[in-house]
Amino acid sequence: MDINEVHLICFSPTRTSKQVGEAIVRGTGLTNIITTDLTLQAAEVDVAENALTVIAVPVYGGKVAPLAMERLRGIRASGTPVVLVVVYGNRAYEKALIELDAFASTRGFKVIAGATFIGEHSYSTERHPVAAGRPDAYDLQYAEEFGAKLRTKINAAVDMEHLYPVDVNRIQRPRQPFLPLFKFLRRVIKLRKSGMPLPRVPEVNAELCTHCGICAAHCPSGAIIKGDECNTIAEKCIKCCACVKGCPFKARTYDTPFAALLADCFVRQKEPRIII
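Start counting the sequence shown at 1; every next residue gets the next number (UniProt numbering).
Hints may be right or wrong, so weigh each one.
Stated by the list, open to error - When the alpha-carbon atoms are kept at most 20 Å apart in a straight line, the in silico EDC-like pairs for lysine to aspartate or glutamate are as follows:
(1) Lys183 - Asp167
(2) Lys226 - Glu203
(3) Lys245 - Glu203
(4) Lys183 - Asp264
(5) Lys236 - Glu70
(6) Lys95 - Glu70
(7) Lys245 - Asp37
Read the hints as simulated data drawn from the structure, not as lab findings.
Work the whole structure out from these sequences, hints included.
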């Protein structure tokens, strides 16, 4: 079957989803690569039928990041084969992959494979690491091998009709020990009942901030204005922490109690999963 290009579409504030998507693309061996990065702005794109498409997005709270879903609405296809990839912070991706599958199908894509990968959690810090350093070398190698398997599947198909779709709902779920999950849920309920106010936006140390503008340039939702870097528009902030991780002077922090809960209850590292 003649597939001569691969189109990577991603939303990736902290670059974890983009890293995974790029590794999958490398693994396909296709050299004609088109990248549409929706992190900072939406785009109107009609994907060619003979272009293998890889859509990689992060999971926030068990769902595809809402801003990612919004930005994807400008993407259209006509029977184009697509690989759906969700990247989550080692807790759970819940129904995010199924959500992305339903969306892609309505946009004219044919889902031929799916994958779940782990990326460093947005709330991860040196004090409370949550999947720190993920995707790591093993994850990226696994992603490349997945890309090679995709190329094999495509080459084995006589035509588009014989390039069979998959049911992403049948992907193997990662192992989740019961006790850490129970502890996490119990502590979350206790935290919410306590009425403790949770931070709506990252805090800024004005003495460390140099107003370099990097945080504003990296903010996917426009919640930080160039020249006013010490403030964050709460109504726009999606808590992706791109500003925190991107600040070269460590002037921004997001001190949420959920970071400690996640770090304590999800120490065991989950593995990527694929269906093809």
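Which numbered hints fail:
When the structure is compared with the hints, only number 1 turns out to be violated.
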